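Keeping their order, the protein sequence lines are chains G and P. Going by this note's numbering, the first sequence opens with residue 1, and the numbers climb by one from there. Going by this note's numbering, the second sequence opens with residue 1001, and the numbers climb by one from there.
Be careful, since some hints might not be right.
Stretches of chain P that chain G covers, calculated by requiring three or more beta carbons in the stretch to come under 8 angstroms of a beta carbon on chain G [said to hold, decoys possible]: (1) 1020 to 1026; (2) 1036 to 1042; (3) 1045 to 1057.
No lab work stands behind these hints: they were computed from the structure. Computed from a predicted model, the values in this text were never measured in an experiment. For each residue, glycine too, the CB sits at the ideal point set by N, CA and C.
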Amino acid sequence: GQQLNQSPQSMFIQEGEDVSMNCTSSSIFNTWLWYKQDPGEGPVLLIALYKAGELTSNGRLTAQFGTTRKDSFLNISASIPSDVGIYFCAGPSGGSNYKLTFGKGTLLTVNP
Amino acid sequence: GAGVSQSPSNKVTEKGKDVELRCDPISGHTALYWYRQRLGQGLEFLIYFQGNSAPDKSGLPSDRFSAERTGESVSTLTIQRTQQEDSAVYLCASSLIGTGPGYTFGSGTRLTVV
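With the rest of the complex left out, here is chain P (with noise of 0.2 angstroms):
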């Protein structure tokens, strides 16, 4: 597609649920990132996705979180057991190269849990 494409853009969950987030980075970029952006605060490194290698997932808060990617394409986030510090906008990006200029960021997926 044109641009990096997540959904849903908003979702709502009850305390305790599990919850997957998904994004479509834009055809042909290798490396894919996602990040959370609480509010009022700057982004977050969560996980990183570079072609085959092995995922760069040092920025994952707790073991709830958790990603993968299908080849270089459709990347999951999935939140298990969502509590409300988990309330966020969580932003996927996707790059040609890992490098940070090149990053194109989709709109995001706001997360509320209550």
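If we strip away everything but chain G, and leave its shape as in the complex, we get (with noise of 0.2 angstroms):
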């Protein structure tokens, strides 16, 4: 089935800096999706794209669906404590609208 590679697997940053990750796959996406997870609790949608080349902001949040449709990047400015947790790329998968396909994620350590 379609597979999402997350890299890189952890990161860990000190408070201001810039983070940036990414996603990629074998086979096309017509939707990227980025989720955050914090700990205990269920992922929570963070931006959806549905366009190549697509660059969509959601305040220090900035995510751009490549032009390949197989990979999707998410950026986070001014990195502050909060922004500890699990980031995912999900997408809908096996030719449905509701069925996600998630990556491993990246986890994400903000030292104060």
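With the hints as a guide, dock the two chains, each given alone in a separate frame, to form the complex.
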């Protein structure tokens, strides 16, 4: 089936630094989603991308839908301690618009 | 309710026992999903309910797993004869229509099989 590869697996940064993470696939996705999961909670949708080349921002977060439709990037600017968590990319797979495939996540740690 | 509610939040069970996990979706949400999250892994799709349509059970890993939903409300995920590899967080989500971006996840049930 379709798989999503996220990198890096983990990041340790200082408060105030910018962060960049990415997600790649061997097959095309028509929608890219970025979620954040806090400890003990379910994932929360951060940004949804629907068009190749699309660049979308949500506060300090910016995500891009790669032009090949096989990758996506998430950037966080001026990180703060509450940015700590696991960031997942996801996309509809298996020919459906409801069944999501998730990457394994990027664990972000922010040192104050 | 205001969000997706799952119970119990934690469950420890002995290998071979059956367990039942419960999900209360957001009121009015017609679509309901179950996902499994193993330690250090992404979420794996298990099953999808949409209204009165036949559920999509394509993600259930074995016949020990089953799920039911009463109308457009509560859903239960049952795992029979639990095995250690069933240890994971089981997440439920709901949405107004069956599209990915509309998901709201619950906090999950952490299942530990000893």
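Notebook entry, point to check: Taking a Cβ-Cβ distance under 8 angstroms as contact, does the stretch 1020 to 1026 of chain P have three or more residues in contact with chain G?
Noted result: It is violated: at least three residues are needed, and the stretch 1020 to 1026 of chain P offers just 0 whose Cβ sits closer than 8 angstroms to chain G.
Check: Are there at least three residues in the stretch 1036 to 1042 of chain P whose beta carbon sits under 8 angstroms from a beta carbon of chain G?
Finding: That given contact holds, which follows from 3 residues of the stretch 1036 to 1042 of chain P lying within Cβ reach (below 8 angstroms) of chain G.
Next item on the list: Closer than 8 angstroms, Cβ to Cβ, for at least three residues: run that test on the stretch 1045 to 1057 of chain P against chain G and report holds or violated.
Entry: n = 4 at 8 angstroms, threshold three: holds.
Hint violations for this structure: number 1 only, all remaining hints satisfied.
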